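Asker: Work from the hints to combine the two standalone chains into their complex.
Quick mapping for you: the protein sequence lines, in order, are chains A and B. So for the first sequence, the working numbering puts the first residue at 45; every next one is plus one. So for the second sequence, the working numbering puts the first residue at 3; every next one is plus one.
Think of the hints as simulated: they come from the structure by calculation, not from any bench. Being a predicted model, the structure only gives us computed values, none of them experimental.
Below, in silico cross-link-like pairs of lysine to aspartate or glutamate (DMTMM-like), each with a Cα-Cα straight-line distance of 20 angstroms or less: (1) B:LYS21 x A:ASP137; (2) A:LYS187 x B:GLU207; (3) A:LYS257 x A:ASP206; (4) B:LYS373 x A:ASP206.
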Amino acid sequence: MDNDKVIQVEGLTKMFGDFTAVDAITFDVKKGEIFGFLGANGAGKTTAMKMLIGISIPTAGTANVAGFDVFKQAEDIKKNIGYMSQKFALYDDLTVKENITFFGGIYGLSRNVIKEKSDVLITELGLQKVANQLVASLPLGWKQKLSFSVALIHDPKIVFLDEPTGGVDPITRRQFWEMIYKAANEGTTVFVTTHYMDEAEYCDRVSIMVNGKIEALDTPKKLKKQFNAATMNDVFLKLARG
Amino acid sequence: MKTILYIIQKEFKQIFRNKGMLPIIFVLPVLQLIILSNAATFEVKNIKFGYIDNDHTSTSRALVEKFNASDYFNVLTDFPSEAKASAEMLLGNVDVVLDIPQYFERDLQKEKYINLGVTINAIDGAAAGVENVYITQIVKRYNQHLKIDLLQVSDNQIQPVNIETIPLFWYNETLNYKTFMVPGILVLLVTMITLFLSGMNIVREKEIGTLEQINVTPIKKSQFIIGKLFPFWVIGMGLLTIGLLLAKIIFQVPMVGSLALLYLYTSIYILVILGIGLFISNFTDTQQQAMFIAWFFTVIFILMSGLFTPIESMPKWAQIVTEFNPVKYFVEVMRMVMLKGSGFIDILPHLLKTLLYAFVMNGLAVWRYKKTT
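Same shape as in the complex, but just chain B (with noise of 0.2 angstroms):
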């Protein structure tokens, strides 16, 4: 136990000594999650809005208007032909071109039906399929108007059921994204700095000579582990601290569920990673390697859990894939904790699964940690 407190306060030392690190550790993250809390959001705005009237009756202007009043549409003009707006997408100019054939007026009034051309820039097609529901949206709208005048003029036919759908947002009314979005960020942030720092720590010692020092000393694998990590658990806590109360003080996050409850789990989930970090360490002779095999965890890490990609659209395989990915179990804690207020039996499986995890990671590491080859 003893020597388990020199080594740790050897690595604290050393830590806060290294004036290139501190930021890294602690401003880093922090301008990581103001910024990408910022940006990273779903919603698609300021869509380039393009549109061919071939119409030129005050219905086909009725409609343009209803973009034109929308915030997510920047109406910008009427293409002369198909052409020339087909060069513009091309260019970049614009994203969405909405196609009015001619007679459109006079057939709606007397067939009722008719057919809008909408040509989307699907380069993203995360967010061509945004644009398509809100252009849906706006015609549906649209529609529904001119049923109501329509009606007025032969209100002796049946009136149609209007069968519509009346969302209700629950835990997050307002689709904040940001309320959305911190929580997980705050996942990766403290993901990567405990994954990074505790990789690329015992391969340091490699490198420099100092851990065959180490191993000629009668030390136990143990000891030397557990005063080595204990340090990089402690800033993980300390990263969760500072990104709660920016998210509190700066986004304004709700913190319905329970504050020690989000401890205990991240107090686990940091094993985790730690022992990640440290079963790279031991296959790696230089942080050159470590650094980009972590890379290499953290991408997919990031990429499947569920934080930016909903976990359900992914392929049967890749779902299974991510059962093994602790990130995920974070996220969703996170989010289930903070905007839900889910208790300890609620997050119950996700707690017992990460423990799992972080035995059997923690085992292997040691495990695989020689002091003599």
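With the rest of the complex left out, here is chain A (with noise of 0.2 angstroms):
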């Protein structure tokens, strides 16, 4: 196995009954990388990131993901990722706080360990004043990087990002990039889906889905001079006219 790269996926496919949601989709990922894994809704992207985490099994197809097999090792990736769902999944009834305590408990760091990390990263995130009060009272914008936060609190080799930005206000979503910005320089490999085209540009390479298929992946520069677009967006919207 290349040690370069952290997600090798192959024909890999997910059908429920007759439908086809994600059909035969193969791309790798780099150590390192921010990957946009872009879509028009209903395009199959959640489906394909699912089987990724470990949560839905694919109907053919392989996959790596951290050097485990999605097949028969699907617990030993969870130790090595982070995933932030597209709809808000912490507690609304914990605090910032014990959200944060919860979620390291979980992935098994230290008492110790997570009063450090919580300290740093409610530092960071300048929640200083909120850290006691209850989730459901914060604003989306805030709810979302506290979530990326806590996705990162175990250090994963890879993180997941299901439409992290949606809903967001423009300075929260530039805040945000910032923070995916900084966990992909401290190695973290960052698998992000969006609806955004400007926050594509920023991805180190973009993978866009059509029907279940990937039709076009490679750097948002190439993918312009392929398509003869000057921005994403258009890239977009011609292959997903078709």
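Answerer: Put into structure tokens, the structure is as follows:
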């Protein structure tokens, strides 16, 4: 296995009855890369991602994530990845600190490490004032940043982000991408789905899914050239319209 | 192990932070215990009693007087006709009508045998049965009284041998229905609260999306489930304690047997219920679905537990079904230990069956719970 590639996918397929949600996709992601996973609603992005994070069993194909096989070693994969779903999935009825402690505990971190991490994390996010408030009372943008930090609490090799910036304001989106860059600089591989094409420009490489298939995969620069388009938005429109 | 502690800590925080849930867990059961224990009685009192006296003699009046003297009957009126009595029963104004025939006194003295007509409103069959027994008893007593009177008249006759049964009620000598009902209702409360809470809890995490977040972590299924269910086990035991205290303080229900034995049995019993709750939550996607399924089982469990209707009088197939009803075992154990003072050996069969049930249900639930779809 190539040490440089943290995700290797070949012919990965998921079928629900007769419907093929993900149709034999093949790609790989390099260590420390920010990999943009694009596609229209219903193109199969989330389904594909769920197979990679070990909560959905593929119908066919092979996939290796962080050195482990998705069929046989799903639980080992889970130790090495972080995940942030498109739906806010921290506990609204716990405080910021309690959420961090809970997820840290579940990932098996010691009390001391959790304490240290949560102090750093809360300071970095500027949440000192609300650290002991229930998460429910926070604005969406803050919640999303907190989710991202919690997904990174156990220093995973790869972090999967499913539409992390859906519904947040441009300033928060900016800050969010700064956090993504910071994580990538520290060696974490980032696998991110998004609908915002300006965000696609920030990615090292981008794949575009249409009807369950990956129709394009390259750096944003090369993709624009390939499709003779000025922006990623135009690339996307050309592909998605067929 | 440490992971489980984190989950338990989180669950307790969430339970005690939920201001809407706390009263449901602790206040409603107390109210239910107090209300139901007083209301759920098999005694039939204040029976509306009417009669048609076609005889108008001292003998017929003496019979009516017997009913008047009873605590159970409210003697209303002398109806002028059967038609009037039927009409009143139709309206629900009268429960029982006694029809005393003409020449009642004369025939009784002459033939020493007479038929009395009794009409009972049997819309509520159980109550009608009880009323019938009461009436028969009163008439019998009146009969004896009459025999003595008649014997005085003709003392040459051979005295009839009267065989009488003298009931002795063991374990609940005064036939106090509260003594009988309180332990049973306590069982219901512990069962319902733990079943609903556990059934709903994991489904709730499915609904709000946090379960997916948990499934992406390397947590083990057993860790998650133990951590999730332990708080409800504690709540169940807490409810038992509150219930037993109330039973003692408010209802003076005796505690003949060993409290430790009762706690031992309950600790295993709650595991069964939690397993069922967990099993339900595996098959449902919303709290609403879980609620309906939990209700479905609760109703069957309660009505087939022997709490309200004796299991012995159920049809054979139903009796077999009750073998699978955990509530039945708990009701029996509760009454055996509290009222009879049964010991460990006496309840051992119940204990073993419940233990087996706990293993099967929780095994199924853990097996069915999938982190991956």
